[in-house]
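J.: Protein chains in written order, with this note's numbering: chain L, 1 to 269; chain Y, 1 to 360.
Hints listed in this document are in silico derivations from the structure and should not be mistaken for laboratory results.
The beta carbon of each residue, even a glycine, is placed where N, CA and C say it ideally should be.
Incorrect hints may appear among the rest.
Claimed, not checked - Beta-carbon label-pair distances, calculated as ranges:
(1) L:Ile8 <-> Y:Lys12: 48 to 56 Å
(2) L:Val24 <-> Y:His89: 38 to 46 Å
(3) L:Ala115 <-> Y:Glu211: 26 to 34 Å
(4) Y:Lys12 <-> L:Arg258: 39 to 47 Å
(5) L:Phe49 <-> Y:Gly136: 53 to 61 Å
(6) L:Ser175 <-> Y:Arg27: 25 to 33 Å
(7) Y:His89 <-> L:Tyr38: 51 to 59 Å
(8) L:Ser175 <-> Y:Asp21: 26 to 34 Å
(9) L:Ser5 <-> Y:Pro237: 45 to 53 Å
(10) Y:Pro263 <-> L:Tyr163: 51 to 59 Å
(11) L:Ser175 <-> Y:Asp193: 48 to 56 Å
(12) Y:Glu182 <-> L:Ile159: 35 to 43 Å
(13) L:Ile253 <-> Y:Gln133: 27 to 35 Å
Claimed, not checked - Output of the computed footprint for chain L on chain Y, the stretches with three or more beta carbons under 8 Å from beta carbons of chain L:
(14) 67-76
(15) 92-102
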Amino acid sequence: MRLRSLAIYSAALAISAWVALPLVLIAIAAFTPRDILYQWPRPFWPEKFTLDTIRFFLRSTGVWQSTLNSVFVAGLTIVLAFAIAAPAGYAVARFRFRGRDALQLAILTTKMFPATVLSIPLAVAFIRWRLYDTLLGVAIVHTALSIPFVTVIVTSVFIGISYELEEAAMTLGSSRLQAFFRVTLPMALPGLAASAIFTFVLSWNEVFASTILTLNNRTLPALIIDSVLGQGAPLHFRFAGGFFMIVPALIIIFLIRRYLLTLWGVTVR
Amino acid sequence: MAEIQFQNLWKKYGKVAAIKDLTLNIRDGEFLVLLGPSGCGKTTTLRALAGLETLDRGRILIGGRDVTSLPPGRRGIAMVFQSYAVFPHMRVYDNIVFGLRMRHVGDAEQRRRAEEVAELLQISPLLGRYPAQLSGGQRQRVAVARAIVMEPDVLLMDEPLSNLDALLRLHMRAELKRLHRELRSTTVYVTHDQTEALSLGDRIAVMKDGEIVQCASPTEIYDRPASRFVGGFIGTPPMNFLEGVLRRSNGSVAVETSGGAIPLAGVGGAAVDGSVIVGIRPEHIEVLAQPQTGSLPAEIVVAEPAGPTQLLTVQAGPQILKVTVPSDLPVQPGSQVWLRLNPARIRLMDPSTGAALAAR
Numbered sequence: 001m002r003l004r005s006l007a008i009y010s011a012a013l014a015i016s017a018w019v020a021l022p023l024v025l026i027a028i029a030a031f032t033p034r035d036i037l038y039q040w041p042r043p044f045w046p047e048k049f050t051l052d053t054i055r056f057f058l059r060s061t062g063v064w065q066s067t068l069n070s071v072f073v074a075g076l077t078i079v080l081a082f083a084i085a086a087p088a089g090y091a092v093a094r095f096r097f098r099g100r101d102a103l104q105l106a107i108l109t110t111k112m113f114p115a116t117v118l119s120i121p122l123a124v125a126f127i128r129w130r131l132y133d134t135l136l137g138v139a140i141v142h143t144a145l146s147i148p149f150v151t152v153i154v155t156s157v158f159i160g161i162s163y164e165l166e167e168a169a170m171t172l173g174s175s176r177l178q179a180f181f182r183v184t185l186p187m188a189l190p191g192l193a194a195s196a197i198f199t200f201v202l203s204w205n206e207v208f209a210s211t212i213l214t215l216n217n218r219t220l221p222a223l224i225i226d227s228v229l230g231q232g233a234p235l236h237f238r239f240a241g242g243f244f245m246i247v248p249a250l251i252i253i254f255l256i257r258r259y260l261l262t263l264w265g266v267t268v269r
Numbered sequence: 001m002a003e004i005q006f007q008n009l010w011k012k013y014g015k016v017a018a019i020k021d022l023t024l025n026i027r028d029g030e031f032l033v034l035l036g037p038s039g040c041g042k043t044t045t046l047r048a049l050a051g052l053e054t055l056d057r058g059r060i061l062i063g064g065r066d067v068t069s070l071p072p073g074r075r076g077i078a079m080v081f082q083s084y085a086v087f088p089h090m091r092v093y094d095n096i097v098f099g100l101r102m103r104h105v106g107d108a109e110q111r112r113r114a115e116e117v118a119e120l121l122q123i124s125p126l127l128g129r130y131p132a133q134l135s136g137g138q139r140q141r142v143a144v145a146r147a148i149v150m151e152p153d154v155l156l157m158d159e160p161l162s163n164l165d166a167l168l169r170l171h172m173r174a175e176l177k178r179l180h181r182e183l184r185s186t187t188v189y190v191t192h193d194q195t196e197a198l199s200l201g202d203r204i205a206v207m208k209d210g211e212i213v214q215c216a217s218p219t220e221i222y223d224r225p226a227s228r229f230v231g232g233f234i235g236t237p238p239m240n241f242l243e244g245v246l247r248r249s250n251g252s253v254a255v256e257t258s259g260g261a262i263p264l265a266g267v268g269g270a271a272v273d274g275s276v277i278v279g280i281r282p283e284h285i286e287v288l289a290q291p292q293t294g295s296l297p298a299e300i301v302v303a304e305p306a307g308p309t310q311l312l313t314v315q316a317g318p319q320i321l322k323v324t325v326p327s328d329l330p331v332q333p334g335s336q337v338w339l340r341l342n343p344a345r346i347r348l349m350d351p352s353t354g355a356a357l358a359a360r
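This is chain L alone, in the form it adopts within the complex (with noise of 0.2 Å):
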């Protein structure tokens, strides 16, 4: 039986490292001071703390607009996914209908498509259509990349709430959308709080579309890739770059952790 906790908990260990491990050494790495960055061998532990690392980083050109870029485009990403998404997680939830069950799958098969094999094609429509280099042509790739994940997390907020509260309410004399709106909605408010939160975090740290849709209009991953591989920006730049786009997913994923795990047990039975 201690056999047993002990591999448990070794195994528990191993894969919290696995995680972990490189969040850590990035952070480190982002308050180094530079000359101890690029010191060989370099201390695990630099002794000394230093802000220029991420100042250097904020003052880069392109950093801020891109940043803010990154935050419209992940806004307008969970607006369009819900607008799609959460009608469509509602019928799964709600109906018996025909196709219902194919349509789940299909949610799942397009979690399958590689999307490097779409990049060309994408891009060529896209300057077809106008929509190359905008914003909004990123939210719309980022809106596909995240319905499939929004409707299944919305199709279990829904399930999880009895049908029978709206069944109840209509018969007290509300209409079916009065139903929704009263008894529904404001219980299913938490959860889609959350995925949407989660959303976000899926479009901020989306790299592959952005980079390849955009050219000026960079979100902020499409601009660090950019400036790593394209024009060789140091090392310093990149682990602050790396920390930077870590932190807000950290935040928000911790503060969501609790939905977050209801949400895909529920989704996995």
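Given the coordinates of chain L, work out where chain Y should sit on it, guided by the hints.
T.: Structure of chain Y alone, referenced to chain L:
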């Protein structure tokens, strides 16, 4: 207040018919119980009446008004759900006045009516609480209050007591009966619990496979079941059934069973010589220590004391019977006894259809 008419209702789910050509009239102010095993269509019937289920065919009239295509909120009904369906994000008070708000009743009137029903259901101290802070029984009362505050023409209840523990159920059952006596609104009550049905209903409609097999008063249903199904479904333990052949000789009538002949008090014109099923309730069988004319020899298999009575399982020939006897009757498992079936209480049934034969 209103009478309800079901006219030839049909509802199919795919190929399965949940309600088959159901016709029933419910009187104004009546307490009607829809009783049957799960899957018999009783809940579907209630939901169709509420407007939560669309029918394939047939019409529903409430107070002479055709409500078949009206939405639930405009039928003059209120419903108590099995899960109570109390809104968890609203305080008890807001739950109770929800329907009044939807009807745009004034604030003062809302408060007056809410306080009145809260008084009636003894939940006045709970008005400011959230449902999560209530016990199951209290939530049940909120659900009932929310329904009757609407002063509905028709009150619908879908197994409202099935989630309560036994003692609370007994208490709420009496409470519901008192409420009905005070409010006198037409009530349709769905249950699979025959005790509830017998104690609450003015009339009971026993359903099976989407059809009403018998609709009558509780005593009529209990004493004169219309079929083997009704007799077997109602009563704890249910009616006993013995197979036999009906014979007339010298003016007297008897059923020959493999255990012996059972004399009958009389047979209506409908019954002819041939195979029959003898239906008899456990309390209408007398257990004798000595043989008598017309008694069946039997052996006691099990004796279970149940407070004021004891329940015997006896074997008469190949047939197993349940018999209730006074608890002071000395019986030993394995001992030989004789059974006398009260001829006045025997109900004969057709072995192929299970339908009761016209007279006993």
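J.: Against each hint, give a clear statement of whether it holds in the structure.
T.: Hints versus structure:
1. L:Ile8 <-> Y:Lys12: 48 to 56 Å: 52 Å Cβ-Cβ, so the 48 to 56 Å window holds.
2. L:Val24 <-> Y:His89: 38 to 46 Å: With a Cβ separation near 41 Å, L:Val24 and Y:His89 satisfy 38 to 46 Å, so the hint holds.
3. L:Ala115 <-> Y:Glu211: 26 to 34 Å: 57 Å, violated
4. Y:Lys12 <-> L:Arg258: 39 to 47 Å: 44 Å, holds
5. L:Phe49 <-> Y:Gly136: 53 to 61 Å: 57 Å, holds
6. L:Ser175 <-> Y:Arg27: 25 to 33 Å: For L:Ser175 and Y:Arg27 the Cβ distance comes to about 31 Å; the hint holds.
7. Y:His89 <-> L:Tyr38: 51 to 59 Å: For L:Tyr38 against Y:His89, whose Cβ atoms are near 57 Å apart, the range 51 to 59 Å holds.
8. L:Ser175 <-> Y:Asp21: 26 to 34 Å: Holds - the Cβ-Cβ distance for L:Ser175 and Y:Asp21, about 31 Å, lies within 26 to 34 Å.
9. L:Ser5 <-> Y:Pro237: 45 to 53 Å: Hint holds: Cβ distance 52 Å, inside 45 to 53 Å.
10. Y:Pro263 <-> L:Tyr163: 51 to 59 Å: This hint holds: roughly 58 Å between Cβ atoms.
11. L:Ser175 <-> Y:Asp193: 48 to 56 Å: 34 Å, violated
12. Y:Glu182 <-> L:Ile159: 35 to 43 Å: Cβ of Y:Glu182 to Cβ of L:Ile159: about 40 Å, so the range 35 to 43 Å holds.
13. L:Ile253 <-> Y:Gln133: 27 to 35 Å: 32 Å, holds
14. 67-76: The restraint on the stretch 67-76 of chain Y holds, since 4 of its residues have a Cβ under 8 Å from chain L and three suffice.
15. 92-102: holds (count 3)
Of the numbered hints listed earlier, those contradicted by the structure are 3, 11.
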